[in-house]
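> Generate the whole structure from the sequences, applying the supplied hints.
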Amino acid sequence: MTPRLSLRSLSKRYSSTVAADAVSLDVTPGEIVALLGENGAGKSTLMKMAYGITHPDSGSIAVDGAVVEIENPKRARSLGIAMVFQQFVLFDALSVLDNVALGLPPAPMAAIQQRLLQLASRYRLPLDPSLRVHDLSVGERQRIEILRALMSTPRVLILDEPTSVLTPQAVDVLFDTLRQLAVDGVSVIFISHKLHEIRRLATRCVVMRAGKIVAEVDPRVQSETELARLMLGVEPSPPDTQRTPANEVALTVSRLSVVNSDEHCGLSNVSFEVRSGEIVGIAGVSGNGQGALMAAVSGEIRVASSSVRLFGLSVGALGTAERRQLGLRYVPEQRLGHGAVAGMSLAENVCLTSASIKAFDLLDANAARAAAQRIVERFDVKTTAPTQNVETLSGGNLQKYIVGREVLQAPRVLLINQPTWGVDAGSAASIRNELLKLRASGCAIVLLSEELDELYQLADRLLVMADGRMSPASEPHLISSAELGRWMAGSWPAHANADMTHAA
Amino acid sequence: MLIPREHASRTWLWLSPIVAIALTLLAGAVLFALMGTSPLNGLHIFMIEPLSSMRGWTELALKATPLILCGVGLAVCFRANVWNIGAEGQLIAGAIAGGGIALLATADTPRVWFGFVLLAAAAGGALWASITAWLRDRFHANEILTSLMLVYVAQQLLSWLVQGPWRDPLGYGFPQTELFAVAARAPLLLEGTRLNIGSVLALLAAFAIWILLARTVIGYQLKVIGLAPIAARYAGFSSRRSLWIALLISGSLAGVAGGLEVVGPIGQLTSSISPGYGFAAIIVAFVGRLHPLGIVLASLIMALFYIGGELAQSRLGLPSALTGVFQGLLLFFLLACDTFVNHRVQFRRGVPT
Numbered sequence: 090m091t092p093r094l095s096l097r098s099l100s101k102r103y104s105s106t107v108a109a110d111a112v113s114l115d116v117t118p119g120e121i122v123a124l125l126g127e128n129g130a131g132k133s134t135l136m137k138m139a140y141g142i143t144h145p146d147s148g149s150i151a152v153d154g155a156v157v158e159i160e161n162p163k164r165a166r167s168l169g170i171a172m173v174f175q176q177f178v179l180f181d182a183l184s185v186l187d188n189v190a191l192g193l194p195p196a197p198m199a200a201i202q203q204r205l206l207q208l209a210s211r212y213r214l215p216l217d218p219s220l221r222v223h224d225l226s227v228g229e230r231q232r233i234e235i236l237r238a239l240m241s242t243p244r245v246l247i248l249d250e251p252t253s254v255l256t257p258q259a260v261d262v263l264f265d266t267l268r269q270l271a272v273d274g275v276s277v278i279f280i281s282h283k284l285h286e287i288r289r290l291a292t293r294c295v296v297m298r299a300g301k302i303v304a305e306v307d308p309r310v311q312s313e314t315e316l317a318r319l320m321l322g323v324e325p326s327p328p329d330t331q332r333t334p335a336n337e338v339a340l341t342v343s344r345l346s347v348v349n350s351d352e353h354c355g356l357s358n359v360s361f362e363v364r365s366g367e368i369v370g371i372a373g374v375s376g377n378g379q380g381a382l383m384a385a386v387s388g389e390i391r392v393a394s395s396s397v398r399l400f401g402l403s404v405g406a407l408g409t410a411e412r413r414q415l416g417l418r419y420v421p422e423q424r425l426g427h428g429a430v431a432g433m434s435l436a437e438n439v440c441l442t443s444a445s446i447k448a449f450d451l452l453d454a455n456a457a458r459a460a461a462q463r464i465v466e467r468f469d470v471k472t473t474a475p476t477q478n479v480e481t482l483s484g485g486n487l488q489k490y491i492v493g494r495e496v497l498q499a500p501r502v503l504l505i506n507q508p509t510w511g512v513d514a515g516s517a518a519s520i521r522n523e524l525l526k527l528r529a530s531g532c533a534i535v536l537l538s539e540e541l542d543e544l545y546q547l548a549d550r551l552l553v554m555a556d557g558r559m560s561p562a563s564e565p566h567l568i569s570s571a572e573l574g575r576w577m578a579g580s581w582p583a584h585a586n587a588d589m590t591h592a593a
Numbered sequence: 624m625l626i627p628r629e630h631a632s633r634t635w636l637w638l639s640p641i642v643a644i645a646l647t648l649l650a651g652a653v654l655f656a657l658m659g660t661s662p663l664n665g666l667h668i669f670m671i672e673p674l675s676s677m678r679g680w681t682e683l684a685l686k687a688t689p690l691i692l693c694g695v696g697l698a699v700c701f702r703a704n705v706w707n708i709g710a711e712g713q714l715i716a717g718a719i720a721g722g723g724i725a726l727l728a729t730a731d732t733p734r735v736w737f738g739f740v741l742l743a744a745a746a747g748g749a750l751w752a753s754i755t756a757w758l759r760d761r762f763h764a765n766e767i768l769t770s771l772m773l774v775y776v777a778q779q780l781l782s783w784l785v786q787g788p789w790r791d792p793l794g795y796g797f798p799q800t801e802l803f804a805v806a807a808r809a810p811l812l813l814e815g816t817r818l819n820i821g822s823v824l825a826l827l828a829a830f831a832i833w834i835l836l837a838r839t840v841i842g843y844q845l846k847v848i849g850l851a852p853i854a855a856r857y858a859g860f861s862s863r864r865s866l867w868i869a870l871l872i873s874g875s876l877a878g879v880a881g882g883l884e885v886v887g888p889i890g891q892l893t894s895s896i897s898p899g900y901g902f903a904a905i906i907v908a909f910v911g912r913l914h915p916l917g918i919v920l921a922s923l924i925m926a927l928f929y930i931g932g933e934l935a936q937s938r939l940g941l942p943s944a945l946t947g948v949f950q951g952l953l954l955f956f957l958l959a960c961d962t963f964v965n966h967r968v969q970f971r972r973g974v975p976t
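Going down the list, the sequences are from chains G and F. Here our numbering = 1-based position in the first sequence + 89. Here our numbering = 1-based position in the second sequence + 623.
Note that these hints are calculated values from the structure, not bench results. Glycine residues also receive a C-beta, built at the ideal position from the N, C-alpha and C atoms. Any given hint could turn out to be false.
Claimed, not checked - Here are the simulated distance ranges between beta carbons: (1) Thr242/G - Leu625/F: 27 to 33 Å; (2) Asn965/F - Arg289/G: 40 to 46 Å; (3) Ala837/F - Glu411/G: 23 to 29 Å; (4) Ala650/F - Asn455/G: 42 to 48 Å; (5) Ser350/G - Phe955/F: 38 to 44 Å; (6) Phe955/F - Asn455/G: 41 to 47 Å; (7) Leu958/F - Thr314/G: 52 to 58 Å; (8) Ser530/G - Ala837/F: 34 to 40 Å; (9) Ala196/G - Leu625/F: 24 to 30 Å; (10) Pro197/G - Asn965/F: 33 to 39 Å; (11) Ala764/F - Leu220/G: 27 to 33 Å.
If you want it as C-alpha cells, here you go:
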C-alpha cells in the first residue's frame, strides 16, 4: 500500500543542534503511530516539517506517493494534514468560533458553527462557541485545538501530547475518537511520553533520540520499562519511595472562598489539611479552581486571615514574601512569566524568591550566580551558564531549574502545580524523585496534577477539585481511576463533604 | 508579512539606534534637497557647524542636560511599565517651584540658596508626578492620559503665574518674572559660556539611575514588574510601591531639569521655558535603549538637533520646525529598525490549493 505520508531522510539543523538527522518515516492510511522520545529528541521538529511550519534542510516529503513541497501550514491542510499542538495557538481575545474559523476556508459562520457543534457532540468535547478564549481553562483550550484540527476533515492527524489536560474519561473518549478516525482511514501520529497510553492506543511506536529514529516497535507487546529504556537509552531508576510517617499539621485550609474573577474560577468553602511528611495530591481538570486555590494559599491573593494556616499561624492576610519566610514555597504551573521572568538570566531569576532579599539592599550578583550554579549542578539543568536567559531553556530544564530553586530553600510546605506538564520523561522522573526526597525530609507537599499516574505514584492522599469545590480525601489504593474521574466531573459522595480530617 | 524572530539579535538591538540615526540623516539630506538647499551644506550646518567651536560644545551639553535628566527618569518608569508621558509637565512644575524659591533670593542671599532651589524643583516635579501616581493607584486611571493632560495644566499654571502674581512690575508687561538674584542662579562651569553645574548633576543622576537599575533590589523589582507582572506578584513585589517609586524618581528628575533651565540659561520664569524637552526625552529614552549610558549619548544627538535646527533657521532660512521633523524622523526610523530586528519579513508565495 502507498504510504499516506512519507518523510524521506529529512534533516534539520539549528545553529548548534541537529534536531533531525536524515529521519525517514512512512505512515500508512488508517495507522496509529506513536512518536516517543524525550524533549529535544526531535519529535516536534519532525512533525513541524510535515506540517510546513519549519522547512527541512534536506530530504523530501511525499503524500500518497507524490513528492510535495509543504511551504506552510495552509498548504499542509490542503494536503489533508492537520496538527494539534502542545502549545496552543489561539487568540485570547477572540471567541471559540472565531478561532476555529480562522485558518479555515471562508464559509458562513453559521455553517462553521453548526459543523463545530456536530463535531463537539460526536466526540463529546462540549464547548460553547461564543465564549472568549481568555475565559477558558487549559483543558478547554485544548478542546478547541482538537476540534479545529478535525474541522478540515484531515487524512493525516498529528497530535502533540494531547492527553495531558484531559480526565481519564476524556482520554478514553479521545482514544475512541482516534480509533474511529483510524478505522475511517485517517493516519494518526501521536506524540507522547506516556508509555501506557502509547501501549493502549498505538499499533506502531517510533522511538526518537537525539534527532534520529532509534527503534520501531509494536508497543502492544513491549513492556513500559522496555519502552522507557528505548527512549532514554538507559535503564530508568526506580523512584525512591522511602517515607516517614506523617505527623504535625503543616497547612490548614478551612472554609476558603474566593469569588470568580476574569483570571480564575472561584472557590467555595474549600477545606483540607496537609501534614508534614506527606504528599496530598489534588486531581481535577484545569480551570476548576486550581488557579484560585494556588493564589490564595501562596499569598498572591489575600483572603480571610484564618482560612489559611501555616503550622497553626493564620496567614491568609499575608503576602507571598511573608509566607515564604514561614517556609511556604510555591512552584506555579506557568513557568515563563510566573515562575520565572523571561528576559532575565538564571542568576537574576534566583532573586525572585530569594528569602533574604530586602528592598533597600544592593543586589549581590555573585551570590545569585553561585546560587544559580548550585541549582544547575544539583538538578542537572542543561544550560551553558547562569548568565543565560531563562527563556532559552527547554520546558523540562526550566522546570528543573524552578523546582530546584524552591527545593534548595528547604521548604516546610511546598505547593506545586503541574510539575511535569510538557516535561520530558527523564526530567519528569527526576522532579518526581525530588518530591519524594522532600517528603522524606518532612516537607508537606500539595501536588496539583492532571496526570493521574503521577498522583497515584506520589500522593499519600488524594483530593479532587471540581467547579471550585474540594472533594473529601481518599487514599490512592482505595479509589479507582474511574471513580476519580467521576469525582473530577463533580460527583462525589455527599456525606463525606464535611470530612476534612486525615484518613489515616 | 512580518514573522516574529525566535531570537532577536542583541547586537542588532543596540545597533538599531545607530542605524536609525544614519537613516534620519539620510532622510534629512533628502529634505534639504527638496527645500532647495545643498544637502551637504545643510547637513554640515545642522550637524557639524554646532560642534566647530568650544562654545558650540558647551551649548550642546547645556541642551543635553534637561534631556538626560528627563530621559533617565523616564527609563525608570518605562522599565517598570509605567507610561509616564508627562515629563514636560513635571519639568514645568519643577521650574515653577524652583523659580518661586529663586524669586525669594535677594542680593544678600547666601550662595547655598541654589541648593534650596534645586530641592524645591525636585519636590515640585515629584508633586506633579504624584498626582498621576495617585490617580492610577486610587482610581486605576490610565497614566498615559493623566500625565499627558497634566502637562497642559502645568503650562497654564505657569502662564497664569508669569502674567499675574509673579509678573515683573518693571517688565513692560511682558509675561515674565524679574531676573533671579545671583545666589539662586546655577554656578557656571566655564566663564564666558552658559555651561553650568547642572550638566554635572545630570551625569551624576544618570550614574545613580544606572546603579539603581543594575545593582539594587529596588531596580530589580521595578524590572521584574515591567517584564512579568504575574511573576512579580508571585515574588511578592508590590506593584503599587513600584508605581510610586518610578513616578517620584522620574518626576523629581524632570523637576530638577526644569529648575536648572530657569536658574541656568533662562535666568527668570517666562511663559515658555522648554522647547518640549520632556517630550523629546521620551524619544531619547527609547533611542538610548532605556539604559542611562545610551540615554546620555542619545541626549547629545537630540541636543544637536535642537541647536542645528536653530542654525538652519538663522543661516539657511529654513523653518525652525526642522528640529521637530528630525526628532520625529529619528523616532520613526528607530521603531522601524526595531520592528525588523524583532521580526523578519516573509513575502507571500502563491499557494496552489
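> Each hint should be assessed against the structure and marked as holding or not.
Structure-based check of each hint:
1. Thr242/G - Leu625/F: 27 to 33 Å: Roughly 31 Å apart at Cβ, these two residues keep to the hinted range, so it holds.
2. Asn965/F - Arg289/G: 40 to 46 Å: For Arg289/G against Asn965/F, whose Cβ atoms are near 44 Å apart, the range 40 to 46 Å holds.
3. Ala837/F - Glu411/G: 23 to 29 Å: 27 Å, holds
4. Ala650/F - Asn455/G: 42 to 48 Å: 46 Å, holds
5. Ser350/G - Phe955/F: 38 to 44 Å: 40 Å, holds
6. Phe955/F - Asn455/G: 41 to 47 Å: 42 Å, holds
7. Leu958/F - Thr314/G: 52 to 58 Å: Between Leu958/F and Thr314/G, where Cβ atoms are some 57 Å apart, the hint holds.
8. Ser530/G - Ala837/F: 34 to 40 Å: Taking Cβ atoms as reference, Ser530/G and Ala837/F lie about 37 Å apart, which means the hint holds.
9. Ala196/G - Leu625/F: 24 to 30 Å: Check passed, 27 Å falls within 24 to 30 Å.
10. Pro197/G - Asn965/F: 33 to 39 Å: At 37 Å between Cβs, range holds.
11. Ala764/F - Leu220/G: 27 to 33 Å: 30 Å, holds
Violation of the numbered hints given earlier is absent; every hint is satisfied by the structure.
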